[in-house]
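A.B. asks: Spelled out from the first residue to the last, the chains are:
Protein chains: 2
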Amino acid sequence: MFTINDNYLKLQGSYLFSNIAKKVAAYKEENPQANIIRLGIGDVTQPLAPVIIEALHKAVDEMGTPEGFHGYGPEQGYEFLRSAIAKNDYQARGCQIDADEIFVSDGAKCDVGNIQEIFGIDNKVAVCDPVYPVYVDTNVMAGRAGSFDQAIGGFNQLIYMPCTEENGFAPELPNEVPDMIYLCFPNNPTGAAITKDALQAWVDYANKNGSVILYDAAYEAYISEPGIPHSIYECEGARTCAIEMHSFSKNAGFTGLRLGYTVIPKELVCNGVSLHSLWNRRHGTKYNGAPYIVQRAGEAVYSEEGKKQLQAQVAYYMENARLIREGLADAGFTAYGGVNAPYIWLKTPDGLTSWEFFDKLLHEVQVVGTPGSGFGASGEGFFRLTAFGTKESTIEALARIRRL
Amino acid sequence: MFTINDNYLKLQGSYLFSNIAKKVAAYKEENPQANIIRLGIGDVTQPLAPVIIEALHKAVDEMGTPEGFHGYGPEQGYEFLRSAIAKNDYQARGCQIDADEIFVSDGAKCDVGNIQEIFGIDNKVAVCDPVYPVYVDTNVMAGRAGSFDQAIGGFNQLIYMPCTEENGFAPELPNEVPDMIYLCFPNNPTGAAITKDALQAWVDYANKNGSVILYDAAYEAYISEPGIPHSIYECEGARTCAIEMHSFSKNAGFTGLRLGYTVIPKELVCNGVSLHSLWNRRHGTKYNGAPYIVQRAGEAVYSEEGKKQLQAQVAYYMENARLIREGLADAGFTAYGGVNAPYIWLKTPDGLTSWEFFDKLLHEVQVVGTPGSGFGASGEGFFRLTAFGTKESTIEALARIRRL
Chain A
1 MFTINDNYLK LQGSYLFSNI AKKVAAYKEE NPQANIIRLG IGDVTQPLAP VIIEALHKAV
61 DEMGTPEGFH GYGPEQGYEF LRSAIAKNDY QARGCQIDAD EIFVSDGAKC DVGNIQEIFG
121 IDNKVAVCDP VYPVYVDTNV MAGRAGSFDQ AIGGFNQLIY MPCTEENGFA PELPNEVPDM
181 IYLCFPNNPT GAAITKDALQ AWVDYANKNG SVILYDAAYE AYISEPGIPH SIYECEGART
241 CAIEMHSFSK NAGFTGLRLG YTVIPKELVC NGVSLHSLWN RRHGTKYNGA PYIVQRAGEA
301 VYSEEGKKQL QAQVAYYMEN ARLIREGLAD AGFTAYGGVN APYIWLKTPD GLTSWEFFDK
361 LLHEVQVVGT PGSGFGASGE GFFRLTAFGT KESTIEALAR IRRL
Chain B
405 MFTINDNYLK LQGSYLFSNI AKKVAAYKEE NPQANIIRLG IGDVTQPLAP VIIEALHKAV
465 DEMGTPEGFH GYGPEQGYEF LRSAIAKNDY QARGCQIDAD EIFVSDGAKC DVGNIQEIFG
525 IDNKVAVCDP VYPVYVDTNV MAGRAGSFDQ AIGGFNQLIY MPCTEENGFA PELPNEVPDM
585 IYLCFPNNPT GAAITKDALQ AWVDYANKNG SVILYDAAYE AYISEPGIPH SIYECEGART
645 CAIEMHSFSK NAGFTGLRLG YTVIPKELVC NGVSLHSLWN RRHGTKYNGA PYIVQRAGEA
705 VYSEEGKKQL QAQVAYYMEN ARLIREGLAD AGFTAYGGVN APYIWLKTPD GLTSWEFFDK
765 LLHEVQVVGT PGSGFGASGE GFFRLTAFGT KESTIEALAR IRRL
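Residue numbers (our numbering), protein chains in the order written: chain A, 1 to 404; chain B, 405 to 808.
Be careful, since some hints might not be right.
As the list claims (entries may be wrong) - List of simulated lysine to aspartate or glutamate pairs, DMTMM-like, C-alpha gap at most 25 Å:
id : chain 1 : residue 1 : chain 2 : residue 2
1  : A       : K10       : A       : E117
2  : B       : K795      : A       : D43
3  : B       : K462      : B       : E796
4  : A       : K22       : B       : E483
5  : B       : K751      : B       : E730
6  : B       : K426      : A       : D43
7  : B       : K427      : A       : E79
8  : A       : K308      : B       : E638
9  : A       : K28       : B       : E638
10 : A       : K23       : A       : D359
11 : A       : K308      : B       : E703
12 : A       : K22       : A       : E54
13 : A       : K308      : A       : E79
14 : A       : K124      : B       : E466
15 : B       : K795      : A       : E62
16 : B       : K432      : B       : E703
17 : A       : K58       : B       : E471
18 : A       : K124      : A       : D149
19 : B       : K462      : A       : D149
20 : B       : K712      : B       : D763
21 : B       : K427      : A       : D100
22 : B       : K670      : A       : D6
23 : A       : K347      : A       : E79
24 : B       : K712      : B       : E483
25 : B       : K528      : A       : E117
What the hints contain is simulated information worked out from the structure, not anything from laboratory work.
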C-alpha cells in the first residue's frame, strides 16, 4: 500500500486566507444583502495600468501569428525580462546582480514555497513571529518543522523570532544559530521596515555563522523613507549568504496575472555546490517558465511610462494607508506600519483576541481584516488591515470602524 | 552551516532537453548559416487559434477596468474552467468526474513534477523505460529513487518497466509491487497507445495491491483509433487508484501560455486520508492559481468554435506524423508510433547509439531529434521525432533524412 507524506498531517488547520474566505462566505450566505468591505487578504483592487494592458494585447497578437508565436520559453525567463530586472531593480541601485542570476517565475508565493526544496531536511529554520504562513507551512510539509506544540503555539523544531511592540517589530539575532533564516521587509504582516544598518547586521550574522537568508522583498515598492534598503544586496556580503524573492503583485497589480522572480547570486555556495545551479536544475525539471505574454507585461513595468503609471498606483494605495493609520489613531486605536508598507498592524481593543475582533468587525460593521494570531503566537491581540482597497471603500471602512 | 538537499547531487547530467539545446546552440555558433530543422523537443509551432486569441484579448480588456479586474483567483482554478473541463473531458465521455475534483495549474509538467510531494519518501516508484525524465528526476530530488547504478543504467530503488519492440512498447505488470506507478498514454516518447482492456488490467492491479497510478494523459487529443481510452477514468475502479494529469500544450498549443490540470477523485484515500485534500492543501500553500486571462483562453478551448479550430490544428500535426512515418518507412527505417500520438519512435540504423545518430542528423543534415537513450536505458538505439513542426519543415526534414 502506498503511503502519504504524513508531514501534511502536522499542518495546523487550513491555510489562513482559506479560513477567512470560508467565514466570509458563511456570513454572506446568511446576510446576502450585506455590503462587506475587504481589507483582509493583500489583494490589489486597481485595474492593470494602461501600459500593461497595451503590452499584453501586443503580445497576444504576436501569439496569433506564425512569426510571433512563442512556445516553450527558457525556464529561467526571457532575456528581455531578466535584463530589465537586473538593470532597474539592482544595477540602478548599485547592487551587483546579473541577469543570469535572476529566475523569473509565476509568483513570489511559489518561489517562497519551493525554495526550501534545495536545502537539506536537517536544517534549522528561523522565522519571524508573526510570519507569512507559507514559510512555516512549506517547511512543515518538508519535515523541517517538527510537530505543533500547543504550549508554545508553534512547531517545536522552528526558531521563532518574536516581533513585538517592545522590540519595535524588529526580530533580534537568535541565540541558537539557525541554518535558514526567513526575513520579509517591508514586513508582512506588521508593516515594519528594516534599516540598512539593521539588515547589514543580519548579513554579517549569516556570513559569520554559515546561515542562508531567504529574503522576501515583495513589498519593496512601498518604501517611502530614506535609509530603508530596497534589496538585501545593498548590504555588503549579501552575495554569499542571501537569496531574494520579488513579486510583481504589489508594485504592478499582477495578483491575477502571476509573475515574480528569485535572485540567487553565483557566490552563494555550500561545500562547493552552488545554490544557483541547484535552483536552476529545479526550475528546469519542475517548471516550464512564466507565460510569454505575462513576461512581456513584466517588461512594460520597467518602461518609462510604466514606472510613471505604477508609481501613481502605489501612491494611491499609500494614500489609503495614511487614511487608515490616521483614522485608527483618531478612533483611539494603537496602530503600526503603513509608512513603508501597505499593511497596518493594529492592537485589538478591550483585550479581544484577534479572531474575536475579526468576528466583531465582520458581524457588526461588515469589514474584513486578518487576525494577527493567524500569523503566529506573537500576533495574538493584533489585527492586519491592508491599504489595497479602493479609496472609497477604505474611507467607508474607517467610518464604520469609528462607529464600533 | 546550512546543508543542501544532496539528493540533487544524484541527478544524472542536466535535464535532457537542456542538453540538446546546448548541443544545437554550439553547432549553430560554429555554423551560423545552417538551416536547422527541429523535430526534437515536443514544442508546437502553429500560432494560437483565433478563438484563443479572441478570448485572451477580451480577458485582457477586462483586466484594465475596475469592474472586470481579477486579482487572486481560487488556487484550484476558476469555476468556469473547472466546469468546462469536467463536462467536456469527462462527463461527455461517461466518466464520473466532478468540477471540484479538478485542479487547474500552469502546466502538466509542474503537476507531474510536484504530485510526488504528497506521498511518503518510502514509496516504491515504478516508471516505464524509456520514460519522460521528469517522473524520474523529481523522485530523485525527493530521495525516493536511490542512487544511479551504471550497471543497470538507472536508479537502484526505482522499478523500471521496459517498453521494447518485443512487448510492443507496452509495459508489463511488475513482479515486485510498486506503490506509485507512472503511466503515460499515448506514450511519450514511444508514441504507443494503450487499449482500454490493457489499461483496465493496470487499474485492477493497482486496486488489488494498494498502488496509486499517476496517469499522464497529455497527448490524449492525438488518439485517432477506437478502443483507445482518452482517460483512465473510463476504466472501472480508477476512482480509487488513479490521479490523472492533463495539458493544454499539445491539444491547443499552450506551450508558451501555460495551462494544465490534475484530477484527484475524492474516493482516492490512504488510511482514511484523502489525496484530494492533501493536494488541495499543497495547491493553496505553494501556488496561487493560473493567470485569469489564460484560464479564459482555456475556457475557449471548449467552445464549439474552439473545438473545430483545434481539431484542425491536431489534424495538421497528425498529417505530419503520417508523412514522417511513411517517409521513414520509404527510406528503409523501422519506425513506431505516430498513429495515436504526435511522436515517432524510430530504430537507429547501422547499430548507431542514440546520441551518435543525434550527432549524425545534426551535423550531416541539420535535423534535430531526441536521442532515445535520453529517456532511459531501453531507449538506447531509438530516436524520437515529433510531428510538431510545420508541414514544410517536416517534408524538408524527411527529404534530408532520405539523403543520409
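A.B. asks: Quick check: which numbered hints come out false for this structure?
C.D. replies: Checked against the structure, the hints that fail are numbers 2, 3, 6, 8, 9, 11, 12, 14, 16, 19, 20 and 23, while the rest are satisfied.
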